[in-house]
Structure formats: structure tokens, C-alpha cells
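Go by the hints and put chains F and C onto chain P.
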Amino acid sequence: MSMLTEVWKLMLKRPFTNRFPAKYAPKNVHGFIRRVQAGKAKLVPPIPPPPDFRGRITYEVDKCIGCGLCIRVCPTKAIEFRVLPSEKPAEGEKPKPPKKKVKIYISRCCFCSQCVDICPKDCLHMSDEFLLANENKLAEELIEK
Amino acid sequence: MNDDPTFIIPVGPVHPALKEPIQLVLTVDGERIVGVDVKCSQVHRGIEWLGMNRNNPIQSIYLSERVCGICNVCHPYCMVMAVEEAAGIEVPERADYIRTIVAELERIHSHLLWAGVAAHEIGFDTVFHYTWALREEIMDTIEYVTGNRVTKAIMMIGGVRRDITTERAERIKKATAYYLENFQKIADIFLHDKSIKMRTRNVGILTKEDALKLCAVGPVARASGVPKDVRQDAPYGAYAELDMKAITPDMYNGEIVGDVYDRIIVRLLEVKQSVELINAALDNMPSGEIVAEKNLVKLLAMLKRADGEGIGRVEAPRGEDIHYVRLEKGKEPFMSWKIRAPTYNNVLPWIPMLLGGEIADVPIVAASTDPCMSCLNRVTVVDESRNREFALTKEMMHEMSIRKTRRLMRND
Amino acid sequence: MINLIYGIAGTFVLGVFAILFGLSVKGIDRKISARMQWRIGPPLRQPFRDVRKLLLKDNVLPDNAVPWIYNAAPIICLASLITILLFIPIGSIPAVLGSSGDIIVVLYLLIVPSIAIIVGGFSSGSPFASVGAQREMVLLISYELPLSMIIFTFAWAYSVLYPGIPALSFSTFEKYPIWNQFSPIGMFGVGIFLIIALLVTTAEMAKIPFDIPEAETEIAEGVFVEYSGRNFALFYLADAVKIVVLSAIIIAIFFPYNLSPWLSAYITLPHWLWYVVDVLFFMLKVVVLSIIAVTFLRTALARLKVDQIVRIYWFHLFIAGVAAMILIALDTMGVL
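Residue numbers (the numbering used here), protein chains in the order written: chain P, 1 to 145; chain F, 146 to 557; chain C, 558 to 893.
Once the Cα atoms are required to be at most 27 Å apart in a straight line, the calculated DSS-like pairs of lysine-lysine come out as:
#: 1; chain 1: F; residue 1: Lys-342; chain 2: P; residue 2: Lys-9
#: 2; chain 1: P; residue 1: Lys-27; chain 2: C; residue 2: Lys-588
#: 3; chain 1: P; residue 1: Lys-77; chain 2: F; residue 2: Lys-483
#: 4; chain 1: P; residue 1: Lys-145; chain 2: P; residue 2: Lys-63
Quick list of simulated restraints, FRET-style, between CB atoms:
#: 5; chain 1: C; residue 1: Ile-626; chain 2: F; residue 2: Leu-195; range: 49 to 57 Å
#: 6; chain 1: C; residue 1: Val-617; chain 2: P; residue 2: Lys-42; range: 40 to 48 Å
#: 7; chain 1: F; residue 1: Pro-150; chain 2: C; residue 2: Val-669; range: 24 to 32 Å
#: 8; chain 1: C; residue 1: Arg-868; chain 2: F; residue 2: Tyr-323; range: 37 to 45 Å
#: 9; chain 1: F; residue 1: Lys-318; chain 2: C; residue 2: Gln-865; range: 38 to 46 Å
#: 10; chain 1: C; residue 1: Gln-865; chain 2: F; residue 2: Thr-352; range: 18 to 26 Å
Read the hints as simulated data drawn from the structure, not as lab findings. Predicted model only: the values in this text are computed from it and were never measured. For glycine and all other residues, C-beta sits at the position ideal for the given N, C-alpha and C.
Just chain P, same shape as in the assembly:
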């Protein structure tokens, strides 16, 4: 089979290209996103990720005990230790120790899910969300805490 004949066959096939997010690149990406949010334009949906996909990390802050193991294994140093200011003790009680938690910068995350494996309290998980582009790497949406 030579390409001389194959190209005509390919021409009649439906293009292989994945049309996400639109068939042609929109003139203005922000405008397109706003129109999609307003329901005026239609987005070609992405292919759903498979089970156990390593997407954006989720953090259940209440379960965390602040052991800091995730910080130790994170290869990109995307996790930061943080101490919450202790709540004001009620009358006649001893002051509570400050809560130890972590803060995850998604923009630095390399999605290896090593912190998920090491977490003793099972408070970190990988979701299947993968549309994480943002102009600001320190945007609020890109910090899990």
C-alpha cells in the first residue's frame, strides 16, 4: 500500500482529530469560555479519563493530622507545611495546641500521587479533573488547603 492511494481513502474518513474543546480554535479563548459559561456556545466534551486517573489532587483538611510525610516524599516540593492559628480557648480551659495542616500548590504538582500513597490518614486523593490551566500559578483555585 502506498500513500498515493491511501490519501484518497483517508480523505473520505472522518478526521481522527479530537475536537475538544471546539472544532476550530476560537478567535478569543477567554470570550469563548465566557460564552460557554453563559450557555451561548457549546463545548465539545473531552474524552472522559479512565478509572484511577491521576488528576488534580484533593485534600480533606479535617482528616489531616499534620504528620508532614507527604512533604517528605513530594518530588517537586509542591506541599507546604502550615500551622493554623489556635482557636481561642473557652473560659477555664487550657489553650489548645495549634493545628498542623498542609497547603498544596497544584501548579507545582507533577501528579505522581506519591503523597497519596504515603498518607497515613488517607486524606489525599487524586480526582479525575485535568483542566487546570490558569494565567496565574498562585491563583486561589490552584491552591488546596
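Below, chains F and C alone, put in the same frame as chain P:
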């Protein structure tokens, strides 16, 4: 006017024929190449330094994954093999099989990617798009099995991180069936298309003597008739139990020329071989544990106590990859980490391949070794006082090597 | 005076038509090429957007360049191509500057765009551009021989068959279409010449498999490597006009047919509308020819090397041309 008809064409560091920065200084007479000089070290990233100073061994796995974007299983595979040898960790048998399967999946993806790039280099974009469309299947499989399309993050010191469950095994079987079905199509395009043959036959010839003398590795050496393959010569993982033989072009058409066309043959046959290896490995996979030490905290403590050295050798899609790791008691990062990526060996053969060729041959000849520059670059020497790079002389190099050996020896 | 005004207006109208139509053909070419590659491809108006964007960009002049040649080359390239169009009939509209011997003028003018590209390449003072210019020169020398062979064989045949009329004129080709002059054997020769003409078009357009002067993966767009902004936009437009010009030449030589003589037997339309119908038919012919000569070949083949291209034109196509020449000559002289 001078009488010298030659002039110099700089190909690189940034040039459309090169996907990564390296500089080729070509002396040409008209279209003919009369002199070649290769200047490496344009993308040094200090990966080994990070592994020796900043990272603990677990962090280094993911760093080694990023030595190369395409062979991101063989580098961590190689590194964990070295660490396991240094720390004396025994890998469960099932983990060996899973590693083998994932490494072969990667080989299929890498070879198909290469085939597309090679077609692009000779101006055949249709074949480029076509091969990459066929490659989507393996990418989806890798995503299904490991959780991401590119960086697989499956290696762990002492085993692997994910099991190949029944569903995953079925997904892999589906992909291997797809490639067995489509293999003939790809082979027909690459081996029988007249214009591809015109551009690749008798172009960039590397003789067997040159291949041996310049220590070419991987498909480049095999295409020149050197049956050299780590999987066959020093089997690791599950390769010893699978029937594995190095592929040379004479298996296809009974002759060895050592040109670009032969390298295409070798890589295409290796895709088929990988498919067969994966099927065999899936059928023979034993059950059992997938990792030697499940508790990562214990593992880290164990590695901190360990003292010793290890070498990992893996047949990457581009050739033999070597990692040397030395662990020191009480020190969490590696005491020494040395990577020798296959491109390091395959860049020097460019000179005999290109000499006497034409300018038009440069992209396809360079691409035919499947170079990976950021794997190759391990050092950039900068003269701080003058703030520019300079080349080391042989004597300086020798002296530095002696010093390094002494530093490593002192621990024994 | 009337002639002068007619000439100026004709040039202007033709120039605008050729640029707009050429860009549309380019859009169709890109779309079909993409579909042949199993892709979606850019929208049809993409070439117009490209030109608009290029016109907005800075015109960078390299340090080593010879400014006036460097800046003049794209203008000469585009202007000469539009000039060629003045000599070719479009649909049933006669050529603006038609006269006897216009084919010779066209043959010479066809070299000018290539010369402009070569000069522009050499004057940009980059090694890649120099290599590209050398390659363009080799390409020019390669395809000139088969091209002139076609024209002069036909001219000779006309001068034997119809003595007394200008043989080297497009009007003759239009009056006596080439296919009707010969028996099947001569027509076979004409068919060979048609294939040669299509291959020459590909080379003249500098498209894969003959795109060695540009060869993006080898010498980084070669002759155009230093061009940017307005200058590059002019080359882009010249490329778009070129496909119209070259297709128009092939149409004028091989397919000078119009719809109006046949259709007017069935439908009656106002006089001016027949011109529109014929121009639309002409445009359809250009699109079909460009798909065969440019889109299909550039999609289905790899880029060849300089020596291989020279061998194809000077050896393979030369022999085919001589064979066709002999067939036509035998047919014309009535030997067969």
C-alpha cells in the same frame, strides 16, 4: 575572493530538524558535507546534582522519570535497579513482569513516535499524522494502565506501584491485538513507499566496524549488524523467562547495509517483538506481591541505613541505559548518581554517517539515531571569571576523573 | 488612450482577482490536504488571516542584507506574476495584453519570480538562504527544459497544421484546442505532456516533493528564512497568485474550453452573465488542477533530494517528453 568553495552551515542549537538543542557545525561544499563537528551540552539541567543533594531516593524516582520525556520508564527502571542492588532489596516476581510489560508498552509508543518524526524530517507529513494517529491507542492503554498518558509513575524501589488487574490486562490485550492487526499497514508504508525508500536507502551508512568502534547502542548498532541488546545479553526483569532475541535487519530482507532504511526496519520489527513480548508476559504473569516493602517510611529508613553501590542496565527504546548509584550510611540523598543515556553513545556515529552526505540528509540521519539531547547532557563547563563556556582538555578531564574515583574509593 | 485605460483597469481588476482567488485556492488546498492526512485542518479563510497577521508584523532587515534588493525581491516576484496573468485569457474574456507571440513572453516572465526569489535569498545574507537560493536555481534549470519542450512541440505542430496564423499565441490554442488536432496516438503524446506540465507546476510552486528551496526541516524555509512582516506577506501572496497563474497557463494550453458555446444552445442568459459563467468554470478548472498538481502530490510523497529531482526532470521527464514529441511529430506529418 578566496578560492575555498566550502562554507559553514550551523545546524542548531535551534533548528527545525532538531527537536532538542544540540549544535552541528557542517562544512559544506555545495550540497556535499565535507566536515562535521558536534557540540553538545546545550541543555544541562543538573539532574544528578539534585539527586545527590536535594532529593531522597523516592523523590529521585520521579526526577529520573523526567530525564527524558519519552523513555520515562527506562530511566526510573534503571535507577531503581541500581538502588535495589545497592541496598540489597529483592523484587517480587510479579513486579518484574509488570515492569517488563510497562517497559515494552513504552517501547511501542517510543518507536511509533520516532517513526512519525522521521517521516516529518523527510517532509512526509501525511505519514507523520498517520503513525501518530495509530499511536493514540497505545497512549490510551498507558493511561488506562498507569493513570497518565506520558509520565507513568509506576516504578518504586523494590517493586511497582500499580498492579495489572484483570481489566487492565484486558485493555492491554486489546491494544496488542490492534497493533498486530495494523502492523502490516505501518510496515507497508515505511518499507515499500517509493519516496521514503529514495530518501533512506544508502543514506547515513554506519559500518559494523564504526558501530563497534564508536560504541553505538540500541537500534543504531543493531541496524549495523551488531546484535547487541541488554534484554538478550544481560536479561533483567522478566526477559530471561521470555524468549527474546536481538533484531537485526537481515531478519527481514537478508542483508545488512547499516543505513537509515535498516534502522527503520529494526524499529518496526521491534514494535512487533514488543507486542509479542507483552502477550507472552501477560500469559505467564505469576501472582503475588507487587512491592517488596509496602511501608514507604520503613523503606526510606532502610535506604538511609544502606551502604553500597549498584548499577542498573536497561534496554531503553534508544539503546542501553546505565545508572550508577552509590548509597552512603546516614545520608539520605545518593552519595553518587551517574546516568549514561543511550544518546551519549549514538551522537558520535553521526560523524561517519554524515560525512560525504548531503545537507538534505542531515535531518533524517540525525533523527535516525532517535537522539534525546536532554538525556545526553550531563555537564556544562562554565568559566565563571569570563562568564562563558569552554571545553575541557584531555589532561584536565583525566585529573578530574582520578579525583572523583578517589572520592568514591575512600568509602571502601 | 482607451487601450491604456483598459490596460490599467484590467491590471488592477486582475491583480485583485488573482490575489483573492489565489488565497481561496490556498485555503482549499490546505483543507483538502488536511483531510487527506486524517485531520480537520484550518478553516478556509485561514490564508486571509495569515496575510492580515503578517501585514501587522514588523519588517525585519537582517544586518548582512543588501537592503534595496532584499526589499525589492518580493515586489518584483508578485508584480511579474500578475503581469503574466495579463497575457492569459480568463474564461471567455480575452487576454488584456494578448498579441501574437505572447507565449514566448509568458515563458520568459515565468522565470522572473524564481529569479526574484533567488536574488532575495542571496541578498538576505544567511547561509540557509544561500543554500535555498542555490537549490532554487537548480530547480529552475531542471524544469525549464521539459516546459519549453511542451510549448515548442505544440507551436511547431500548429505552424505545420495551420500555416499563416501565429503559432505561439494563446488565441490559436483557444481557437483550435490541442486535443482535437490529432489521432489517438498524437493524443497519447499530448497526455504525456499534460502529466509533465502538472509535474512542472509542482516544481514551479516549490511544493513537496520538489520543495527543496524551502525544505523547512533541512534549511529552515531556505530562501525565506530571513523574511518577515510585509515582505513575507508579499511572498505569501505571490505564492497564492502563482498557483492561479500556472493553472491558467495549463488551462490555456490544454483545456481552453468554455461552457458558453455549449450551454447557450439550451439556456438563454444575458450577454454579461455568460462571462460570469465562464469565469466560474475557469475557477473550477483552476481548483481541480491545483488539487491534482499541488495538494495531492505534496500530501502523498516525501521531499526528494536535489540530485534526485534533477534526475527526474532531465532524465525521466526528458525521455517521456521526447517520446511524446516523436508521437506528435509523426501524427502531425501524417506518417501514421
